[in-house]
Amino acid sequence: MSSITEKAKKQKQVLTLNELSKRKVVEHNSLITSIAKMDKTPLKMFELAVSCINTEEPPKDNTVYLSKRDLFAFFKVSDNDKHSRFKEAVEKMQKTAYFQIKEVKEKGYEMTSIVPIPTVKWNSYNDEVLIRFNQDIMPYLIDLKKNFTQHALSDIAELNSKYSIILYRWLSMNYNQYEHYSVKGGRRAEQVESYRNPSITVKELREMTDTVNEYKIMNDFTRWILEKPLEEINAHTHFNVSYEKVKKGRSIDSIQFHIGKKRMADDNSYKLDDRAYQEDKARKAETEDKLAIEAMKSKYTRLLLDNMLLSPYEMTDTSLMAGLQAHVYPLYDELKALRGLNGVKDHLSYVSSKREEYSKHNIAKYLKKSIEQYLPTVKRQEL
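Taking the working numbering, the leading residue of the sequence shown gets 1189, the next gets one more, and so forth.
Just so you know, not all the hints are guaranteed correct.
No farther apart than 30 Å at their CA atoms in a straight line, the calculated lysine-lysine pairs in the DSS-like style are these [claimed, not checked]: (1) 1449 <-> 1435; (2) 1290 <-> 1264; (3) 1567 <-> 1557; (4) 1334 <-> 1210; (5) 1334 <-> 1372; (6) 1487 <-> 1416; (7) 1264 <-> 1212; (8) 1290 <-> 1256; (9) 1478 <-> 1553; (10) 1372 <-> 1416; (11) 1290 <-> 1248; (12) 1309 <-> 1280; (13) 1478 <-> 1533; (14) 1256 <-> 1275; (15) 1391 <-> 1283; (16) 1416 <-> 1225; (17) 1404 <-> 1416; (18) 1248 <-> 1295; (19) 1542 <-> 1567; (20) 1256 <-> 1350; (21) 1350 <-> 1436; (22) 1228 <-> 1450; (23) 1372 <-> 1478; (24) 1372 <-> 1533; (25) 1478 <-> 1449; (26) 1225 <-> 1210; (27) 1372 <-> 1256; (28) 1225 <-> 1293; (29) 1435 <-> 1212; (30) 1210 <-> 1264; (31) 1404 <-> 1533; (32) 1433 <-> 1391; (33) 1478 <-> 1350.
Don't read these hints as lab results, they were simulated from the structure.
Turn these sequences into a full structure, and let the hints guide you.
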């Protein structure tokens, strides 16, 4: 144990309290949707430990280091009993806390139960705490090429209910996908919106929160699994979330959430999130500008102008031009591959002659709908 401090400093894993406030937790979505068989303290300690992992340089021996000072600050523990409470929390985490992960396989599904942190070491004569992850949990923490979620550790720190933490992680998973596909594309508009307004069946929510055999009365379930956690999430994180119950027959079948993101400004607890919001906003604007510039240079823009489907005034709308470049012009490329550029010209000439009045305010939507309806016909004829 005497070498813990030296190893920690050598590997630069010991964090200052200021650094902790800037940390992000990154986990595979299978872990987000798993059943957390633990109470809030082990779950928060796990999230804190995960925030110390550098996925580009995974920790040697699956080990990270924290300071007791920062641990106590994270949990807002300041009384004289803090060391015994810390020991009790560690013992509970190792004896009763585990994740039950369900993954779909070719022949069905596979269940895996993992104690995430089997080893924690500390001593009475220095400040460092060694945390070693179970090797079976590591793929869910470092093998993150796809289907992973990132959320702010500072948000988790303020949540005082196990159900608040579980629900927050799941909401983050969905909203992250909304932000990703809003910028990158690759999903239909309604799919993108579904990430911002995600739905989950009551059965799935009970499984995820480990309340299959608890809160049998729906009013109790609503109060402790939905209302109380959302009060905390809305008060202490960068999300504003509402929900509605969806009935199937006379019973409540599912819950649909509606997620909004606060624009933090002056509140100290949200400065980091505000920077992240501004950075994300800047990235989206940069992507939009690039797409708009590409659209300006496109031969399809000239064809739209020639057919009076686009005006020079509308070309100043970067959002419109970016939308054409991202969602309409790729479809024109498909038509061109089948019928040549003259095929695209003929299509736009026809569209111009049949242009509906409402399309004056929704030109990108109108053009996209027109080519989507026409392409299948062309493909069938080519066959």
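Hinted pair residue 1264 and residue 1212, Cα distance within 30 Å: holds, 19 Å
Measure nothing beyond the straight line between the CA atoms of residue 1210 and residue 1264; if it is 30 Å or shorter, mark the hint as holding. Distance ~17 Å between residue 1210 and residue 1264 Cα, so the pair holds.
Does the alpha-carbon distance linking residue 1256 and residue 1275 stay inside the 30 Å limit? holds, 11 Å
Within 30 Å, alpha carbon to alpha carbon, are residue 1290 and residue 1264? violated, 33 Å
Please verify whether residue 1225 and residue 1293 have alpha carbons no more than 30 Å apart. holds, 23 Å
Can you confirm whether the C-alpha distance between residue 1435 and residue 1212 stays at or below 30 Å? violated, 37 Å
What's the verdict on residue 1391 and residue 1283, does the C-alpha distance respect the 30 Å limit or exceed it? With Cα atoms ~28 Å apart, residue 1391 and residue 1283 stay inside 30 Å; holds.
Are residue 1542 and residue 1567 close enough, with their CA atoms no more than 30 Å apart? Given pair residue 1542, residue 1567 holds - Cα atoms ~22 Å apart, limit 30 Å.
Would the pair residue 1416 and residue 1225 pass a check requiring their Cα atoms to be no farther apart than 30 Å? Answer holds: residue 1416 to residue 1225 is near 20 Å, not above 30 Å.
Residue 1334 and residue 1372 were given as a pair; does the straight-line alpha-carbon distance stay at or below 30 Å? Within the cut-off at roughly 14 Å; holds.
For the pair supplied as a hint, residue 1372 and residue 1533, confirm whether the alpha-carbon distance does not exceed 30 Å. At roughly 29 Å apart (the allowed maximum being 30 Å), residue 1533 and residue 1372 satisfy the hint.
For residue 1256 and residue 1350, compute the direct alpha-carbon distance and say whether it is at most 30 Å. holds, 23 Å
Going through the hint list in order, the structure does not satisfy hints 2, 6, 8, 10, 18, 27, 29, 31 and 33.
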